[in-house]
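Participant: So the sequence shown is numbered by the working numbering: it starts at 204 and just counts up by one.
Source of the hints: derived by calculation from the structure; they are not laboratory data. One thing to keep in mind: the hints can contain errors.
Said to hold, decoys possible - Derived DEER-like restraints, expressed as beta-carbon distance ranges: (1) Ala-371 / Ala-219: 18 to 28 Å; (2) Met-317 / Thr-233: 28 to 38 Å; (3) Gln-415 / Leu-215: 42 to 52 Å; (4) Ala-262 / Arg-310: 32 to 42 Å; (5) Asp-399 / Ile-330: 41 to 51 Å; (6) Met-317 / Thr-287: 42 to 52 Å; (7) Ala-428 / Val-357: 22 to 32 Å.
Unchecked claim - Mimicking DSS-like on lysine-lysine, the simulated pairs with C-alpha atoms at most 27 Å apart in a straight line are: (8) Lys-363 / Lys-377; (9) Lys-331 / Lys-363; (10) Lys-396 / Lys-331; (11) Lys-396 / Lys-377; (12) Lys-407 / Lys-377; (13) Lys-364 / Lys-377; (14) Lys-331 / Lys-364; (15) Lys-218 / Lys-267; (16) Lys-396 / Lys-363; (17) Lys-407 / Lys-396; (18) Lys-363 / Lys-407; (19) Lys-331 / Lys-267; (20) Lys-404 / Lys-363.
Every residue, glycine too, gets a C-beta built ideally from N, C-alpha and C.
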Amino acid sequence: DIHYVDRLLAQLEAKAGISRPIQVHAILETARGMASVEEICGASPRMQGISLGPADLAANRRMKTTRVGGGHPGYLVRTDPVPTADGEPDAPRQTFQQDLWHYTVARMVDACAMHGIYAYYGPFGDIKDVQACEDQFRNAYLLGCVGAWSLHPVQIDIAKKVFSPEPAEVAWAKRVVQEMGEDGRGAVMIDGKMQDDATFKQCKVVLQLASQLAERDPELAAAYAL
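Work the whole structure out from these sequences, hints included.
Facilitator: So, in structure tokens, the structure goes:
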């Protein structure tokens, strides 16, 4: 499908005299798409990124969720039994809900990173639960997504907040780069912790994102001191 769209766009661009290639963004909505995500990401130089389509993908997989883009309280882990002081084995055991989308998002991010394009989280359908929306967006951000869909104006500010590094993160990244030098070679101790070229690379990613955001947002530029 992407190959066909690629050729069709090339013909339309030539006919209209468009010199800048039109980009393509795909939505991951089926198990077949998930199984082929690496191939999809590299299917055309026009590929800009991929978004997760959680509702359709959940239906196609027969997954059970309680809301679009969310999880399910039954998908959990339970702590091992710990006997009480009197030896009874039935002490209360904690449970923790897990993220149903962790594997999917991580694989999508890997596929996108491998081909130099961008991964995006999809929609979160519970508009009123802004805290859960922020949590889900942040999970995606920490795994490597660069943005998410917004179904309602209230989610725009949430997405802008989550997918923008904190000023403290930017300040830390600046410090690491300054301490290590622009070539990022070797290793240094900062506040008692070793920082090496891997840390340097992560910090450069943060600074690149901060610089891109600062160009568009004067408030962030001031907060980042850029």
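Participant: Please go over all the hints and tell whether each is borne out by the structure.
Facilitator: Right, here's what the structure says about each hint:
1. Ala-371 / Ala-219: 18 to 28 Å: 47 Å, violated
2. Met-317 / Thr-233: 28 to 38 Å: 20 Å, violated
3. Gln-415 / Leu-215: 42 to 52 Å: 30 Å, violated
4. Ala-262 / Arg-310: 32 to 42 Å: The hinted range 32 to 42 Å is violated for Ala-262 and Arg-310, with Cβ atoms some 19 Å apart.
5. Asp-399 / Ile-330: 41 to 51 Å: Given about 43 Å between the Cβ atoms, the range holds.
6. Met-317 / Thr-287: 42 to 52 Å: 50 Å, holds
7. Ala-428 / Val-357: 22 to 32 Å: Holds: the Cβ-Cβ distance is about 29 Å, inside 22 to 32 Å.
8. Lys-363 / Lys-377: 22 Å, holds
9. Lys-331 / Lys-363: 18 Å, holds
10. Lys-396 / Lys-331: 41 Å, violated
11. Lys-396 / Lys-377: 16 Å, holds
12. Lys-407 / Lys-377: 8 Å, holds
13. Lys-364 / Lys-377: Distance of about 20 Å is within 27 Å: holds.
14. Lys-331 / Lys-364: Roughly 17 Å separates the two Cα atoms, so the pair holds.
15. Lys-218 / Lys-267: 47 Å, violated
16. Lys-396 / Lys-363: 31 Å, violated
17. Lys-407 / Lys-396: Between Lys-407 and Lys-396 the Cα gap is close to 18 Å, so the pair holds against 27 Å.
18. Lys-363 / Lys-407: 20 Å, holds
19. Lys-331 / Lys-267: 21 Å, holds
20. Lys-404 / Lys-363: The given pair, whose Cα atoms are some 23 Å apart, holds under the 27 Å limit.
The earlier numbered hints that this structure contradicts are 1, 2, 3, 4, 10, 15, 16.
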